[in-house]
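K.L.:
So the chains spell out like this:
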Amino acid sequence: MLSAMGVSRQFGKGFMLEPLSFDVEAGEVVAVVGANGAGKTTLIKCLLGLIRFNGQVTVGGVDVSRDGKGARKLIGYLPQNPAFHQDLTVAETVKFYGQLRGATEEDGRSAVEAVGLIEHADKQVGALSGGMKQRLALAVLKLGEPPVQILDEPATGLDVDARKDLRAFILEGRRGGKATLLSTHWLEDVPSTADRVLVLKDGKLDFLGPSSSMANGGAGSRLQLRLNGHTAAAGPVIEAAVSMAKVTQEGEWLTVQCRPEDKGRVLQALAAAGITILDFRLSGQELISRAASVGGEELH
Amino acid sequence: MNATLTIMRKELRDATRSRWLVMYAVAFALIALAFGVVQEQGDVGAQGFNRTTASIINLCILLVPLLALVIGAGSIAGERDRGTMTTLLSQPLTPTELLIGKYLGLTIAAWIAVALGFGAAGMLLALVSPVTDFGHYLLFIVLSGALASAMLSIGMLISVLSDGRAKALAISVLAWFGFVLFYDLAAMGVALSLTSSGESLLVAAVANPVESVRILAILSLEPDLNVLGPLGAYLKTQFGTAGSSMLLSLAVLFWAAVPMTAATFVFRKQDV
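Those sequence lines, one after another, are chains A and B. Under our numbering, the first sequence has 96 at position 95, and the numbering climbs by one with no breaks. Under our numbering, the second sequence has 189 at position 196, and the numbering climbs by one with no breaks.
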């Protein structure tokens, strides 16, 4: 439903979002994790066509660079700091954005009701609390029921109850078949909320894989192996035994990145091929530690 | 198109709510009434409206550009400052639709302010003065609206090029100073001192919408072009009264269209 192919962006001689590719399927939630400045918001702006970029983004088959308006009609976006016109009321705001999104007044009313703001419909946006503004932004996001949702740091500043509501909102979207991209520092809920996780570090894709690897305590666990002279032959042996393993060679060390539950199969395959392991290192907490290093203290 | 109309309606509603539209309308009305009453006491009969019109032209071309430049300059830069630009452009809306919708909304609001203000004053004056030349007064209202459209276009370009509202407003005030005050002293003076040819004076006149509107207003009151001095003599010889009016009107139209076109081109290329 949402597809990014070789998306990159250079800002002068400074920060660069390096080419990255991924898809978000209907009914799937992908969490983008990264430190401040890692490139999460830049990536999201590329997906929305708000900034120029190299590569291609399509939403439901519509190319964002060629038909940004058409693509954005298929995307509901929750900005990191939702900003609306302060002098409009909640109802007027939803009506205004509803008109832009081609939603009816009834759709607008349902959206306001769904986020629990119906009692505040006549209140000016300027008089709303941060949490209420967040809910208003969710109501706007729902207008026209777009099949793709992009949420940029949605949990920032929310209390525990609001975060629960937000989690329920995301899961409801998943059940409803929406493709959801979620940028977050909200690491502890990633395994239960997202299907896959994409870790960005300094503008580079650091990891893309199942979010269950976070729950399992590794992500690919990373095995580093020093072998008895059969290093070159070991790669194909491992990849034949564990299809999702990624094997790279660094000097005399072979690095194997795989799902935690596949570690044993890697060792068995090497033994069966007569390759002796002289030494090994295991980074079983790889993803969780990466995520923690980019996600700040919320993990702990 | 729907998106453009939605933005246009919002701008109109904002203009009404923020009261600037009403404030300017009241200010225009009071100014016109004050001049009208003064003229009425000094003279006057059939010349009443022409005299009132002539009196307020100079004040009008001070105020209308200021109104238009300031509201134009605040439009896009204001959205950026409030953070609402990202929210707006993440919707099914192109930058061109946003810009044109804003321009149309603000232009209509400015025309309403001018028409309400000067129109209300004109009607009140008509009650106490014989109406023989109300047409000139109406034309003056139309010219004021056209001037507002041209200056709004320049204001929008300033807004698109500025990275903050304060900067945009500062530049717009400088632009107002340049177009309204400095230009008369400098550009026309330079044109006259370098060469007294009619061509250079004409170029100086059409290169500034304020100047074009000023001359158009004078032409509407005094079709004898000789009152404009060397420029008038040149216009009379080359274009005649109707041709001159057409040329100057096209100049105002150019100023309404070209800065907005440039603003649209730049805005489409900008990152949000």
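A portion of the hints provided could be inaccurate.
[As the list claims (entries may be wrong)] DSBU-like mimics (lysine-lysine), calculated; alpha carbons at most 35 Å apart, straight line:
#1 A/K205 <-> A/K124
#2 B/K3 <-> A/K70
#3 A/K74 <-> A/K96
#4 B/K229 <-> A/K74
#5 B/K262 <-> A/K202
#6 A/K264 <-> A/K14
#7 A/K14 <-> B/K262
#8 B/K262 <-> A/K70
#9 B/K262 <-> A/K205
#10 B/K262 <-> A/K74
#11 B/K160 <-> A/K70
#12 B/K229 <-> A/K96
[As the list claims (entries may be wrong)] Derived contacts from chain A toward chain B, CB cut-off under 7 Å, selection only:
#13 M17
#14 R73
#15 Y78
#16 P80
#17 Q81
#18 L209
#19 L268
Read the hints as simulated data drawn from the structure, not as lab findings. Cβ coordinates follow ideal geometry from the N, Cα and C atoms, glycine included.
K.L.:
A separate judgement is required for each hint: does it hold in the structure or not?
P.N.:
We went through each hint and held it up to the structure:
{"no.": "1", "hint": "A/K205 <-> A/K124", "result": "violated, 43 Å"}
{"no.": "2", "hint": "B/K3 <-> A/K70", "result": "holds, 19 Å"}
{"no.": "3", "hint": "A/K74 <-> A/K96", "result": "holds, 16 Å"}
{"no.": "4", "hint": "B/K229 <-> A/K74", "result": "violated, 56 Å"}
{"no.": "5", "hint": "B/K262 <-> A/K202", "result": "holds, 28 Å"}
{"no.": "6", "hint": "A/K264 <-> A/K14", "result": "violated, 41 Å"}
{"no.": "7", "hint": "A/K14 <-> B/K262", "result": "holds, 19 Å"}
{"no.": "8", "hint": "B/K262 <-> A/K70", "result": "holds, 15 Å"}
{"no.": "9", "hint": "B/K262 <-> A/K205", "result": "holds, 26 Å"}
{"no.": "10", "hint": "B/K262 <-> A/K74", "result": "holds, 21 Å"}
{"no.": "11", "hint": "B/K160 <-> A/K70", "result": "holds, 30 Å"}
{"no.": "12", "hint": "B/K229 <-> A/K96", "result": "violated, 55 Å"}
{"no.": "13", "hint": "M17", "result": "violated, 15 Å"}
{"no.": "14", "hint": "R73", "result": "holds, 5 Å"}
{"no.": "15", "hint": "Y78", "result": "holds, 4 Å"}
{"no.": "16", "hint": "P80", "result": "holds, 6 Å"}
{"no.": "17", "hint": "Q81", "result": "violated, 9 Å"}
{"no.": "18", "hint": "L209", "result": "violated, 24 Å"}
{"no.": "19", "hint": "L268", "result": "violated, 49 Å"}
Violated hints, listed in ascending order, are 1, 4, 6, 12, 13, 17, 18 and 19; each of the other numbered hints is respected by the structure.
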